[in-house]
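Number of protein chains: 6
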Amino acid sequence: MAKKLVTFGEVMMRLSPPGYMKFSQANSFELVYGGGEANVAISCAYLGMKAAHMTRFPDNAIGRAATQFLRKNWLSSDQIIYGDNKLGMYFLEKGAVHRPSVVVYEREGSAFSLIQPGMVDWEDVLKDADWFHWTGITPAISEGAAQCCLEAIKTANKMGIMVSGDINSRKNMWKYGKTMQEVMPELVQHTDIVITSPRGINEMFGLGDAGGKFKDSAKALMDEFPRIKRVVGKKRKSISASEQEIQGRIWTGKEYIKTEIFEISHVIDRVGTGDAFAAGLIYGLLHYEDDLDALNFASAACALKHTILGDVNMASLDNVTSLMGGDTSGALKR
Amino acid sequence: MAKKLVTFGEVMMRLSPPGYMKFSQANSFELVYGGGEANVAISCAYLGMKAAHMTRFPDNAIGRAATQFLRKNWLSSDQIIYGDNKLGMYFLEKGAVHRPSVVVYEREGSAFSLIQPGMVDWEDVLKDADWFHWTGITPAISEGAAQCCLEAIKTANKMGIMVSGDINSRKNMWKYGKTMQEVMPELVQHTDIVITSPRGINEMFGLGDAGGKFKDSAKALMDEFPRIKRVVGKKRKSISASEQEIQGRIWTGKEYIKTEIFEISHVIDRVGTGDAFAAGLIYGLLHYEDDLDALNFASAACALKHTILGDVNMASLDNVTSLMGGDTSGALKR
Amino acid sequence: MAKKLVTFGEVMMRLSPPGYMKFSQANSFELVYGGGEANVAISCAYLGMKAAHMTRFPDNAIGRAATQFLRKNWLSSDQIIYGDNKLGMYFLEKGAVHRPSVVVYEREGSAFSLIQPGMVDWEDVLKDADWFHWTGITPAISEGAAQCCLEAIKTANKMGIMVSGDINSRKNMWKYGKTMQEVMPELVQHTDIVITSPRGINEMFGLGDAGGKFKDSAKALMDEFPRIKRVVGKKRKSISASEQEIQGRIWTGKEYIKTEIFEISHVIDRVGTGDAFAAGLIYGLLHYEDDLDALNFASAACALKHTILGDVNMASLDNVTSLMGGDTSGALKR
Amino acid sequence: MAKKLVTFGEVMMRLSPPGYMKFSQANSFELVYGGGEANVAISCAYLGMKAAHMTRFPDNAIGRAATQFLRKNWLSSDQIIYGDNKLGMYFLEKGAVHRPSVVVYEREGSAFSLIQPGMVDWEDVLKDADWFHWTGITPAISEGAAQCCLEAIKTANKMGIMVSGDINSRKNMWKYGKTMQEVMPELVQHTDIVITSPRGINEMFGLGDAGGKFKDSAKALMDEFPRIKRVVGKKRKSISASEQEIQGRIWTGKEYIKTEIFEISHVIDRVGTGDAFAAGLIYGLLHYEDDLDALNFASAACALKHTILGDVNMASLDNVTSLMGGDTSGALKR
Amino acid sequence: MAKKLVTFGEVMMRLSPPGYMKFSQANSFELVYGGGEANVAISCAYLGMKAAHMTRFPDNAIGRAATQFLRKNWLSSDQIIYGDNKLGMYFLEKGAVHRPSVVVYEREGSAFSLIQPGMVDWEDVLKDADWFHWTGITPAISEGAAQCCLEAIKTANKMGIMVSGDINSRKNMWKYGKTMQEVMPELVQHTDIVITSPRGINEMFGLGDAGGKFKDSAKALMDEFPRIKRVVGKKRKSISASEQEIQGRIWTGKEYIKTEIFEISHVIDRVGTGDAFAAGLIYGLLHYEDDLDALNFASAACALKHTILGDVNMASLDNVTSLMGGDTSGALKR
Amino acid sequence: MAKKLVTFGEVMMRLSPPGYMKFSQANSFELVYGGGEANVAISCAYLGMKAAHMTRFPDNAIGRAATQFLRKNWLSSDQIIYGDNKLGMYFLEKGAVHRPSVVVYEREGSAFSLIQPGMVDWEDVLKDADWFHWTGITPAISEGAAQCCLEAIKTANKMGIMVSGDINSRKNMWKYGKTMQEVMPELVQHTDIVITSPRGINEMFGLGDAGGKFKDSAKALMDEFPRIKRVVGKKRKSISASEQEIQGRIWTGKEYIKTEIFEISHVIDRVGTGDAFAAGLIYGLLHYEDDLDALNFASAACALKHTILGDVNMASLDNVTSLMGGDTSGALKR
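Residue numbers (UniProt numbering), protein chains in the order written: chain C, 1 to 334; chain V, 1 to 334; chain A, 1 to 334; chain H, 1 to 334; chain Y, 1 to 334; chain B, 1 to 334.
Hint data in this document are derived by calculation from the structure and do not stem from the laboratory. Be aware that one or more of the hints could be misleading.
[Claimed, not checked] Cross-link-like lysine-lysine pairs, in silico, BS3-like; alpha carbons within 27 angstroms at most:
#1 B:K333 x C:K175
#2 A:K333 x V:K235
#3 A:K333 x V:K175
With the rest of the complex left out, here is chain C (with noise of 0.2 angstroms):
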């Protein structure tokens, strides 16, 4: 029977200016919708996992939008919540060659921000779950979002259900009053797979060296917090806008493992192959019995979600495989 993940996290409105127009040149918007954690449910749906997101949305037409989003791609819709008025939103200009994408964002206040500790049932949100998964920027957002992870994480440990956290260090997120400092050990101490970099561990625990090895670094965060099984890396080259370079790497206590490395020669959209690389990762660590054939698996689907609009990434589990097994030619199979 199919694996269950459940995530937690803000999800935004996404508006993007049509193709590789500018903002300026825009007299309409593409529209879809995204955030770290729902992506990674998401994509595992598309892997043929059960996927759930939990989530609070603004209570009118726009909520109801973003959640028949989410319903559309497979979660189901049953545990989100609803109050407020205000949908978190970012807008997208996407980049080519040596022109950055611009990101601009209006979350402040979103009907999430203000989600409070008690609001959710996280026993009942949980229920059949194997895998609980988040992110470093729900912290990021507000003391109540923060509390409210810290509940899910330590409800999901009671329940014997295994947490995974995308620890990346957005310091220019906190604004609420606490820095990341204060915050992040708690939930990363319950946590059981983190993903993050050298950078990040020095940020925001003080720990290793921020241009180090990332073997050093994450030896030191297991050191440290010893619920930690595996602290995962996915590193990117930026060729340019257009090209990109992943490759996985892994420390899972005993073994320093890389995976080969994943060039992508035409980049169609960027965003979200971080939550791709998550969320093949919880699929790859629930399925195969090898870390590099999960890594693997890792970097495979984020590989592939360079090539599909949107945040999220809708790779079929055969894509994944195939290019897993070393086939990259993208040929079609009549």
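Using the hints, position chains V, A, H, Y and B against chain C.
Below, chains V, A, H, Y and B alone, put in the same frame as chain C:
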């Protein structure tokens, strides 16, 4: 030489599903910008006047794109100020026949709402102006916006510039701690031309009867605020979302005048029709000796706006005078 | 707690040229999905009911995309079965004024038409349902579809679930060797609420007069099939493809009731208006004591569908009750 | 066997903002091609006739694309000639209700305007033709075009082919040094069926009264040009840009006949409705014995064109005969 | 005078999500038509040849729209026959980089598959033709299609018309009871130019080695079928869905010739590239003395098709000869 | 305070099929405006300079829409003059890989080409300007345009304003009776900064060697026209329509300097890249002391333009300095 109008108020991004789609059907949003006062300025510019709109935009790519919309529509942009990072926005789902339009606002915390007295050099902004126009929306947004509006009105008085105010009563907007009953009187006291309705006069100033006759309410208002030279109204009959009737009415202090009824049999976009009326009134009072002519001009402009997409009236002077002269045929002149 | 509706039938891909383009002008097709019964389920879901639609889709990317359409529109998808490789489809060229719409079907050999008795576990599908709805299209598609429909109806009878059938007569559809006169009686015999017309009653059962009075035909039908509790009809006057009039009528066994006439002056999309009526009737009979209220609700829902693109009515409960209460103004409430 | 029509005249590229957008709002243009005479040929082709249009296109990629438009719409393209490098074009901003459409032409110096007598082998082009049609636009374009038109008409006379001319008076078009009063008489002298109005007859030939009765003017025209067998007119009432009324009228030399009034309540595209009338008249006169039938056919075709985007009438024979027979319901026949 | 090509085969409607969207993201489909043989005819027409395609379309509005596509793309349509009511169609989701395209066919029961021997007057259809082309898809569709194809080939033989066949092996298509091993030999026996691969030769005729050398397989094929004058192949290397390499090869009976490798670095649309190769080969063999020239022409045409949307190659003669001559710069000549 | 640039030249409407469609596939055209000199002004405006463009537009709705494009893109429009009725336009079909773009011009007889000396008050237009820029296109359009250009240059000389000229040689454009060899010398004689190539220098002035070294040709040019302070060039290598390389070069009178090569691996829109180079050069020379810095700025601006749709470079100052500084990663900074 062309007369010059200056307006002041918030400009929002307007996002609407294509055509008659509902929010739940949209994969993209049509994008325009609008705001009660800027709509008036742009309408007057399309009629051939000089016009500038004073506002505050976020200091980012979205704020610059909004500025470009104003520039494209013939307004000057030199006086606009920038700061903070949020542009107010609203979502519009267009109705038809018995199905009403749906509007969802996300304007709290906008760059405009954070404007403070002293930020604008009104003498500079109003230099060369013949007319200043404000609406009841601005003082409802924030205390800073209300104070800036008062600054502008008083400066205009001092500079001998005509002042008009479109003071529709939107009770639900007042959320910053003051009521419209507290704030509006001082603004209206310095205003020469007031656009309103018996209900508005009653709710805002406790004068007249909310369901009463226009003439009586207008008279009461003029008695209370002796600076007022004209009280003007627009009577709308909504046969359905697709069919509307419009009739202008004015109390000149001496006479009560009404126009014929303008029937709009196939509405294209109903938003901003009140602003088109206000713009037409300003143009009319500046260019016609006769009050009925001015009022007919205003009503014809209003009727024409129902056939134009977006928030702003782009009807030409020729369109308005032709309809005002009784030509309802919409016939193409080759 | 929300009442639950289950429906059963084919869902087709609907392809239509943009706006009022003709087939010969189209470079692209607008894409939605629809089918008489699913339309009813979705309409009820938008009104706030729980709803599920039982169907059979091809086991490929197109079948999954069709499923996603149902999920997005609030239906559950767990019960849907998959097999074979063809999705029924139809092409729709929208008419205007004197120009009729053109419809071309390509539905033969669809996955749904290949459904066989025993493929569906109806007790499971109908679990928790308050109402089951079918239409006369399903038994016309194939013998397997007719038999499945009968299975569903009988199971509903056994489980004490209300059964409604919209038995419009589409003679041309019956091509698999049985006639509607052979098949329909057994289905209608187990049905509680029947939506039809004098012509349908005459053609299908040889009762009443094809051009006769609704009440007389309805009476004859009820005499023949004593389980029937209500016979309901919708009288349409097609002034042109752009203007329609609708009036609901019902025979309760005791009383003949008609609604006022609903005039739709600017049709946006006429497809699925009968399904909107059926959905409104189901909602109405479940939520109102009075038959006229239920019928008014159905007729208002039907009228509103004419203003909504696609096959399904997305009108809200508030839209329907407001129109049903006589507010035809389509006025936006801010 | 199908009758064959040949027409001659300029074909322009038509560029229009999407839907009801104004020029100032457009980021793109909808692209079709049209021209009074080609519109007639294509309309007849959609009714089932054989049809060819003779024109001259620029010898470049744009000229070839224009040719492809004619081919797609069932015309043959073998006879078209190519040269020079400019395709005439016009910009169309569609009006609504009281707002008139705006048309801007850029046709001077077009490949067609540079056509010269002798360039076309008319005997070859008219081979197998049953009817030749020209309009008053062609002789207004250039002296070469006027001369070619006369060549065509005279060749048709010699070959025993019926000739019709739609001689609307567009004074402003005549810029090459000759007046319509100088040029038109010789063309009309060789024409069998003339479509015009009292105003046209008066302005072009100094006959009748510009505001007078159709019958009297028609009589005067027939007296002056004895070859003429029918004088036909179309009376239009423009209630607004969105609502029109059409009535056909004919003077047969013996009888004055009028059709009923056709009301078009929701105009989709008003351009080319006169050409649809001419096409309907040609089809009608070729296929009906009775003048009223032919005129009704023409008027119904004209009415239907108002519901079709672009310059050309794509109504089917069934559409026209159905409306002509009094069915105004626009009802879909499944 | 231009040479004339006649082709025979099914034409399908092709529906694809806009740009790089996946099926699950599409609200609309881009619409073109295509089919292996018609693609060849149209490609040759864009190169300046005369071309006609023989097919059978449904006798409805969709069949007529498909005909219009062929007409627009320079084919004559007089010979097309109509009957039944289904047009074959296929859905195409375009891949990128490592993500393969997805194709879903719905072609069973199409009007073309129901074609029967005797329906086509081949002598009339092939009148004036210089070349007849068929593909291995047609005999796989139905027994009737296979028999018609044989009729055509034999008629061409009798009339002294060159016959080419592109006999790619699509095992999965053969569902009507005969195998390709039974049907293909008789067709190939009457064919002059065969496009295929070692795998195809092995699977269809049991000759050569599926993974073997082109020359050896070609030799074996020519030995078996002495009418064959050339065996031609196209070697493709799929670096990714976005990057391809193409190399032509030919066995002339005496010589084995290969072209240089054509690298396509940014694929726009990969569908129909094999048909572009076949069209280029036909054009090349008809217009060049030298086999390498003809093969280079074919390969250049194939390479260019990768940059053109839709199924058909619209490259001009100038495009092909320029690339064939070594100019890979894609530089605009003003 | 921001430096001000004034430019002079024709602005055309640019119509292009969506994306990579060919003319024969387009049902609509994307609409922008552009012209060599206006492109330079707008590029400089996006970099933060003040900029105005002097031109002549038709006095109609299309001329006003073109003006609005310039306003939107930050240019002032007060100085523009209006007259006659034709806007020059060009059609652009975008190429890819080996397929070149196709351009068709329709600019003869445009309002700009009818400009006459004396129509422009150059002292007023150039007031406050720091730089005036012209190109070799303007004197090729008409004698009037050439004379106006000379007026402008001489006025700039008199007012002490720097003058640059981008004198690419477009032989085919010169059709009004004078040759570029007759006209260009006087214009160049008054110019300070010249952008050209050895071929241009040879063809226009008979100096140097068309295929020779940049430095030698530049030297010869400077010897002939002693006012010239810099001769600047841009070497382009067109690997394919989708891949380009750019390298800037300059002769300062003392030194010959080249930049690194900028590789553009995925071209989005190649039009206007030369104008982006010129704009970058103007900005660079005004803001950097060092010639190499200025040249690098120009080359980086040119490279970035390849990734932006339309004729004009909308790259920000930050984009250019970042690429100029060696950051080719196109990485998003959050």
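Comparing the hints with the structure gives:
1. For the hint pairing K333 of chain B with K175 of chain C, the CA-to-CA distance comes to about 18 angstroms; that is within 27 angstroms, so the pair holds.
2. Restraint check for K333 of chain A and K235 of chain V: satisfied, since their Cα atoms lie roughly 17 angstroms apart, inside the 27 angstroms limit.
3. In summary, the hint linking K333 of chain A to K175 of chain V is supported, as the alpha carbons are separated by about 18 angstroms, within the 27 angstroms threshold.
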